[in-house]
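Trainee: Protein chains in written order, with my numbering: chain D, 23 to 445; chain W, 166 to 656.
For the record, the hints were derived by calculation from the structure and aren't laboratory data.
Predicted model, so just to flag it, every value in this text is computed and none were measured.
Among the hints, erroneous ones may be present.
Unchecked claim - To be clear about the criterion: a stretch of chain D counts as covered by chain W if any three or more of its residues have a C-beta under 8 Å from a C-beta of chain W, and this derived list gives those stretches:
#	region
1	205-215
2	363-375
As the list claims (entries may be wrong) - Label pairs and their computed distance ranges (CB to CB):
#	chain 1	residue 1	chain 2	residue 2	range
3	W	K609	D	T321	46 to 54 Å
4	D	T321	W	R433	46 to 54 Å
5	W	S229	D	Q172	33 to 41 Å
Using N, Cα and C, we set each Cβ at its ideal position, and we do this for glycine too.
Now for the letters of each chain:
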Amino acid sequence: MVATLDRLKRRDFLRAGLVFGAGAAGLAAGYAAVPDVFARAVYAGTKSGVTNDRILVMVQLGGGNDGLQTVIPLADAAYRDLRPRLGSAADEALPIGSDLGLNKNLPGLRGLFDQGKVAIVQGVGYPKPSLSHFDSIRVWETADPERRQQDGWLGKTIAASYDSAGHPLVGCACGTTSVPGAMRDLEATLTVIDDERSFKWNGGERMDRAIGALYTGTPGIYGALFDRSIATARDTIAQLATSAAGYVPKAKYSDDARLVYSSKNQLAAALQLAARLIVTGTGVKILHVALSGFDTHYTQQPRHDALLAYLDSALVAFHADLAGYGMSDRVVVATWSEFGRRPRENASAGTDHGTASDVFLIGDGVKGGLYGARPSLAKLDPSGNSGYEVDFRSVYQEILQSHLGIDPREVLPATFDRLPVFA
Amino acid sequence: MKAPEQPTKRVDRRTVLRAAVAAAVGVGASRVVAAAAQPGGPAASSAPAAPAGLDWVSPLDQESARVAHLLRRATFGATAAELEQARSDGYARTVERLIETPVAQPAALDGAEGASQTSPLRPQALISWWLDWMLATPTPFAERMTLFWHGHFTSDFRKVTPQSPYLYWQNRTWRTFALADLGTQIHQVTIDPAMLRYLDLGSSTGREPNENYARELMELFTMGPQAYTEDDVKAAAKALAGWREPLTQPMVDALLVRAETRQQTLRRAPTADTVKTGVYERARAYRGPAFAFLGETRVWDTEAILAKILAQDAAAPHIARKVLTAFATPAPSGDYVARAADAYRKSGYDTKTLMREVFLSPEFAAPSSYRALVKTPIEYMVGIAKALGDRRLVRLMVGAGQGMGQTLYDPPNVGGWPENGSWISSSAMLARANFATAAASAAKQPPSSAKAHQTLLDATLSAPTLAALNAAQGETARWAVLFASPEFQLK
Numbered sequence: 023m024v025a026t027l028d029r030l031k032r033r034d035f036l037r038a039g040l041v042f043g044a045g046a047a048g049l050a051a052g053y054a055a056v057p058d059v060f061a062r063a064v065y066a067g068t069k070s071g072v073t074n075d076r077i078l079v080m081v082q083l084g085g086g087n088d089g090l091q092t093v094i095p096l097a098d099a100a101y102r103d104l105r106p107r108l109g110s111a112a113d114e115a116l117p118i119g120s121d122l123g124l125n126k127n128l129p130g131l132r133g134l135f136d137q138g139k140v141a142i143v144q145g146v147g148y149p150k151p152s153l154s155h156f157d158s159i160r161v162w163e164t165a166d167p168e169r170r171q172q173d174g175w176l177g178k179t180i181a182a183s184y185d186s187a188g189h190p191l192v193g194c195a196c197g198t199t200s201v202p203g204a205m206r207d208l209e210a211t212l213t214v215i216d217d218e219r220s221f222k223w224n225g226g227e228r229m230d231r232a233i234g235a236l237y238t239g240t241p242g243i244y245g246a247l248f249d250r251s252i253a254t255a256r257d258t259i260a261q262l263a264t265s266a267a268g269y270v271p272k273a274k275y276s277d278d279a280r281l282v283y284s285s286k287n288q289l290a291a292a293l294q295l296a297a298r299l300i301v302t303g304t305g306v307k308i309l310h311v312a313l314s315g316f317d318t319h320y321t322q323q324p325r326h327d328a329l330l331a332y333l334d335s336a337l338v339a340f341h342a343d344l345a346g347y348g349m350s351d352r353v354v355v356a357t358w359s360e361f362g363r364r365p366r367e368n369a370s371a372g373t374d375h376g377t378a379s380d381v382f383l384i385g386d387g388v389k390g391g392l393y394g395a396r397p398s399l400a401k402l403d404p405s406g407n408s409g410y411e412v413d414f415r416s417v418y419q420e421i422l423q424s425h426l427g428i429d430p431r432e433v434l435p436a437t438f439d440r441l442p443v444f445a
Numbered sequence: 166m167k168a169p170e171q172p173t174k175r176v177d178r179r180t181v182l183r184a185a186v187a188a189a190v191g192v193g194a195s196r197v198v199a200a201a202a203q204p205g206g207p208a209a210s211s212a213p214a215a216p217a218g219l220d221w222v223s224p225l226d227q228e229s230a231r232v233a234h235l236l237r238r239a240t241f242g243a244t245a246a247e248l249e250q251a252r253s254d255g256y257a258r259t260v261e262r263l264i265e266t267p268v269a270q271p272a273a274l275d276g277a278e279g280a281s282q283t284s285p286l287r288p289q290a291l292i293s294w295w296l297d298w299m300l301a302t303p304t305p306f307a308e309r310m311t312l313f314w315h316g317h318f319t320s321d322f323r324k325v326t327p328q329s330p331y332l333y334w335q336n337r338t339w340r341t342f343a344l345a346d347l348g349t350q351i352h353q354v355t356i357d358p359a360m361l362r363y364l365d366l367g368s369s370t371g372r373e374p375n376e377n378y379a380r381e382l383m384e385l386f387t388m389g390p391q392a393y394t395e396d397d398v399k400a401a402a403k404a405l406a407g408w409r410e411p412l413t414q415p416m417v418d419a420l421l422v423r424a425e426t427r428q429q430t431l432r433r434a435p436t437a438d439t440v441k442t443g444v445y446e447r448a449r450a451y452r453g454p455a456f457a458f459l460g461e462t463r464v465w466d467t468e469a470i471l472a473k474i475l476a477q478d479a480a481a482p483h484i485a486r487k488v489l490t491a492f493a494t495p496a497p498s499g500d501y502v503a504r505a506a507d508a509y510r511k512s513g514y515d516t517k518t519l520m521r522e523v524f525l526s527p528e529f530a531a532p533s534s535y536r537a538l539v540k541t542p543i544e545y546m547v548g549i550a551k552a553l554g555d556r557r558l559v560r561l562m563v564g565a566g567q568g569m570g571q572t573l574y575d576p577p578n579v580g581g582w583p584e585n586g587s588w589i590s591s592s593a594m595l596a597r598a599n600f601a602t603a604a605a606s607a608a609k610q611p612p613s614s615a616k617a618h619q620t621l622l623d624a625t626l627s628a629p630t631l632a633a634l635n636a637a638q639g640e641t642a643r644w645a646v647l648f649a650s651p652e653f654q655l656k
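Same shape as in the complex, but just chain D (with noise of 0.2 Å):
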């Protein structure tokens, strides 16, 4: 209650300081006035608009999940004269449908698919496709082909469209220390946890007021963006600590030791903490986990397989804990990774850099089952990779919109086909 007055003063001050800012009061005062872009970095109040319950979690396979190890084409004779190796997953794959089979590590998953709880989104990509992490990750995060957009896609989504001056919980990163790409955009407060339990400062009260006034008005090029990080550290201090009691999860989230050190995220916890804001109402809209290590140059299926176990355990776990509550109907998740893989596989049993992929979305408002297509194996452009059948942008505008209640051109610059994955 106490953060949430001080917050407020602290922003109208400022606010009313940006008014005559670089004027003749703050010259005298010794300062300049900041001569660039960064001023823009200001304190926007956004426009309130949504006003329904629905929740994304956006969860990114970082360093380009393979599709085609993910889900199997069975019947397909090019994956197993391409995978001399790796194609022997498909002899334990879980069937759905006639010729597609999960990987053996998806049982989980499989289960809500049965259920129709799952869809599959196949041979989602872009044109002309980068097959560097770095820029096909700028595609997918800022939904620009063309890599000439700066902001994420979600950062916008909650500029445009969410009240999100009061509410720095409307987005959040749990799991991570900085702002992913997606969430980018400097009008949008956010917030990023990357544990709750040392989300505290040391030294409590005195030294949660103390630092709130060391960050008043910084100058500066990254002055708001410093007064902003922790104003929305004092306000999510005080969030998490008014709902610590109300959570207690409803199933069991359990990390693999072995492979978190291997893939430094634990997206278990991350997606615990991700259903504890959730559950315990502190009005968060959209987050944003991750998990790292597909990037399987090299031996990859016991890597691949592994991850995809946690992965499975973890999403289970979380569609079952927010079940549990009640809150498993207004909740969707989605799965994005850079790009898929190259169809041959290479000299270590693993395989390079590839194209379109699969993308799951996950929830009780999701209408079950297969969508777009797989992109044939039988015709591979000159670097050996797939061509993309639905454009990942497709996937965005249906979140957009039929899920969240937002109009997707606040976030999209055009208009996509329309991909009918919700009920």
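Got chain D sorted already, so can you dock chain W onto it with the hints?
Mentor: Relative to chain D, chain W alone:
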């Protein structure tokens, strides 16, 4: 602390602090906020907050401030003695001394050479060994460059694993060649055992090339993403194949022990190599007709590929831009990049020439460059330990970087760490403030903070920072405020 002593101490120190600030006002009034001119007032509550959207007023028109600015960026921050020495030498001589002093290597890390499957090298040991050397080294510029190259030619302990001395070797190699030319560097990088593992060149063959290293060599290490085609990636992958990781005697012994306990028969008894680099095996290399790479058709090998890359126009600007973003200004202009790149290329990609060009450029000392960069978490922590003069703070630093987003030998991905604004988030700022408090509390006998706002912050303070420093009671609290301040996050 004993309660009765405190009030007297506090008043004394506060008086000293105010006097110091007042003196700074006399020197250059424009640099210090208006509140500093009212030393008598109750500090914290009366200080007006600065309006947002304004910039720091640069003190860089004065050489003494430029020297401090240089040391914040080219080293891990200076002790009072180092700063005094550099100021007496002057800016130009300090640049020459930093650049021309031969690199000092740390003492060997116990147990590192013997690392193997049965005796792994703990990442924490490797991290604290390096952090300690960042604090102790007599050549802090070379050390700062070693950290820069560690983020550029990056590798991580998760994939390389602690079961070899590879990452330890890599750290020493990067330091040895921290100020060398790019040609020497990328040769060393290509055949570095940790890199052979990290980007899979060590398991690539000419028959079935693995593209991982070839792609990142061009995209990240040298030319940038737009300067080559996918065919060039395939060609380079073919030409570079043939290297394998070396084995040490302890690694061989561990392999034999494991084979024995598992009762396996090894196809060929492993033997130790005598080199600390990759071993080239012709049988694993590509043996076929000539092919095209970057527009030229011939028979290619590793050296020819590296030479061809350095003959491209894209390499110098790519490295120059990255260096400028880390050392000079967050968004260098095209002209600035072109000038630095030109000097770099003409010198045969000499790192010393490039860095001299950066430090002596007008842009480096321009008002817009003042506090225009965000310290990396490692710089931030090492700077704090240096200011407090306590090497034992390394123990605190080993685990604390993670919450701020930077653990040595553990970059987020093959692109290394992002710079500047990317370090700022609610979570990371919280971790920084908590480290500031913890370090100030943990330091044994911290030095007086009376002049710290001058030596560390150029006496250029925001009103809130000045107020908080004045209000802080005792050395520990004052150091904590100073380290947690926005001024100290910047360089």
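Trainee: State the violated hints by number, sorted upward, taking the hints as numbered earlier in the document.
Mentor: Hint check: 4 fails alone, others pass.
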